[in-house]
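Colleague: Given next are the chains, with one letter for each unit.
Number of protein chains: 2
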Amino acid sequence: MPKRILISNDDGINSEGIHKLHETLKKLGEVYVVAPDRDQSAVSHSLSLFRPLRLDKVSEYVYSVDGTPTDCVNLAINGILRDKKPDLVVSGINKGENLGDDITYSGTVSAAMEGTLLGVPSIAISLVGRKDFNFDHALLHAESIAKYVLERGLPIDTLLNVNIPNTPHTEHKGMMITKQGKRLYDEPIVEKVDPRGKKYYWIGGDELGHVHIEKSDIVAVRDGYISVTPITLDLTKHDFLETLRSHLIKDSNDV
Amino acid sequence: MPKRILISNDDGINSEGIHKLHETLKKLGEVYVVAPDRDQSAVSHSLSLFRPLRLDKVSEYVYSVDGTPTDCVNLAINGILRDKKPDLVVSGINKGENLGDDITYSGTVSAAMEGTLLGVPSIAISLVGRKDFNFDHALLHAESIAKYVLERGLPIDTLLNVNIPNTPHTEHKGMMITKQGKRLYDEPIVEKVDPRGKKYYWIGGDELGHVHIEKSDIVAVRDGYISVTPITLDLTKHDFLETLRSHLIKDSNDV
Numbered sequence: 001m002p003k004r005i006l007i008s009n010d011d012g013i014n015s016e017g018i019h020k021l022h023e024t025l026k027k028l029g030e031v032y033v034v035a036p037d038r039d040q041s042a043v044s045h046s047l048s049l050f051r052p053l054r055l056d057k058v059s060e061y062v063y064s065v066d067g068t069p070t071d072c073v074n075l076a077i078n079g080i081l082r083d084k085k086p087d088l089v090v091s092g093i094n095k096g097e098n099l100g101d102d103i104t105y106s107g108t109v110s111a112a113m114e115g116t117l118l119g120v121p122s123i124a125i126s127l128v129g130r131k132d133f134n135f136d137h138a139l140l141h142a143e144s145i146a147k148y149v150l151e152r153g154l155p156i157d158t159l160l161n162v163n164i165p166n167t168p169h170t171e172h173k174g175m176m177i178t179k180q181g182k183r184l185y186d187e188p189i190v191e192k193v194d195p196r197g198k199k200y201y202w203i204g205g206d207e208l209g210h211v212h213i214e215k216s217d218i219v220a221v222r223d224g225y226i227s228v229t230p231i232t233l234d235l236t237k238h239d240f241l242e243t244l245r246s247h248l249i250k251d252s253n254d255v
Numbered sequence: 001m002p003k004r005i006l007i008s009n010d011d012g013i014n015s016e017g018i019h020k021l022h023e024t025l026k027k028l029g030e031v032y033v034v035a036p037d038r039d040q041s042a043v044s045h046s047l048s049l050f051r052p053l054r055l056d057k058v059s060e061y062v063y064s065v066d067g068t069p070t071d072c073v074n075l076a077i078n079g080i081l082r083d084k085k086p087d088l089v090v091s092g093i094n095k096g097e098n099l100g101d102d103i104t105y106s107g108t109v110s111a112a113m114e115g116t117l118l119g120v121p122s123i124a125i126s127l128v129g130r131k132d133f134n135f136d137h138a139l140l141h142a143e144s145i146a147k148y149v150l151e152r153g154l155p156i157d158t159l160l161n162v163n164i165p166n167t168p169h170t171e172h173k174g175m176m177i178t179k180q181g182k183r184l185y186d187e188p189i190v191e192k193v194d195p196r197g198k199k200y201y202w203i204g205g206d207e208l209g210h211v212h213i214e215k216s217d218i219v220a221v222r223d224g225y226i227s228v229t230p231i232t233l234d235l236t237k238h239d240f241l242e243t244l245r246s247h248l249i250k251d252s253n254d255v
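Chains as they are written, first to last, in my numbering: chain A, 1 to 255; chain B, 1 to 255.
Just so you know, not all the hints are guaranteed correct.
Identical copies look the same in the list; a pair holds intra-copy or inter-copy alike.
[Unchecked claim] Taking lysine-lysine and the DSS-like style, the derived pairs with C-alpha atoms no more than 30 angstroms apart in a straight line are:
#1 Lys215 to Lys131
#2 Lys3 to Lys131
#3 Lys192 to Lys20
#4 Lys147 to Lys20
Since the hints were derived computationally from the structure, they do not count as laboratory data.
Excised from the complex, chain A in its bound form (with noise of 0.2 angstroms):
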């Protein structure tokens, strides 16, 4: 029987990105597409259960939804897919990064979130780089992973986060399975005065540094390495539980 994949995305059904990944993983099988109908980059990523939701048939297998990309990957599998579940969704190609710390506030890694809550096999694809984005060897790694995770599958609540340098073909170094990095914490703010004598802030300056951590995806792109990530979506801290319970219960007066 042949698969069925569910691509979304951020930056809106009409980039460059989820064309060309649009174009590549139809070689896989049969490929919807549920995309936000505009950049949703600077907006907020949760689910919309407070206002209704348009959903517009663009062509065959493509729709563009008014809302996040969470809110098109719920569309796409409870309604659109209700009846044919798909076995994998896909979100990207981003033009930009999903690295370390930052991927929670990431809309790209969120549609993989709830590919991966609602029960299907996820992964989030970016291309790490400010411009002259080159989609080419992105396409031939997204193709490759994709079609690992429709023929092994994933572990429950578990995605996959790919950051692919946008480099050319030749010069990447191949494949890193890697941890998720952090962000360095300790970048001074860089405060500016505008011409009318006001001031204003920069956040982390030009750049916002990284704690060394072997392995680490932030670590790997830099390095030139095709980062993937297994991402959780417990984040429940186990192993603190307990000591949390005996302290806190314990030491409040009214429980």
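Given the coordinates of chain A, work out where chain B should sit on it, guided by the hints.
Modeller: What follows is chain B alone, placed relative to chain A:
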């Protein structure tokens, strides 16, 4: 030495929850408030790296920022309080829950995440309800939990996510240390037709369901308990790294 506490939130500097929290926590030390100048519930929770931020001093110890909750905490710890690092960050008190899988989308929790990333023990506090918010007993618990964290600290990369039922003090059942809960996967989309004959959609109908997990935050709050969940910022699925490495690096032709 007196303790120093930083307060921020998602609902903005003029919200009821932050004012009341400010008044209450003054009992425990020197309190700074650095919060968004308007309600940030519907926007991105990431750091604003690509535009400058304006900071206004509202009164002694109180500042507003034209940015996200994350921006506020970063600007406070790395800017305003650079030479006097706070001992505790408290985010809230939010009007509305921050439970289960949805915490990755929460502005209230993201402020506590940023505090944690910047090395300060942090707490997110939410009042679970939709209207007629009664802050009185929430404030009692905010104070006792803040006092605990000031005295004992928290493990690295770990914050506390606190959800307090919006019930009269006499009705709640005390505190429960909980695991992160899960939304129900399988809620169908509700389709409606507008007066012009065009379809629109609601996600999850009137209320999203949840998976019944013993001692999860969602179940605890439903049963009338104050939920305290220790949350880690390390999302790496550590026990899958080796498997993934053996599969993906070996299976891939180009590395």
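Colleague: Evaluate each hint against the coordinates.
Modeller: Now for the hints, and whether the structure bears them out:
no. : hint             : verdict
1   : Lys215 to Lys131 : within (26 angstroms within a copy, 47 angstroms between copies)
2   : Lys3 to Lys131   : neither (34 angstroms within a copy, 46 angstroms between copies)
3   : Lys192 to Lys20  : neither (41 angstroms within a copy, 33 angstroms between copies)
4   : Lys147 to Lys20  : within (16 angstroms within a copy, 53 angstroms between copies)
In terms of the numbered hints stated before, the structure departs from hints 2 and 3, listed from lowest to highest.
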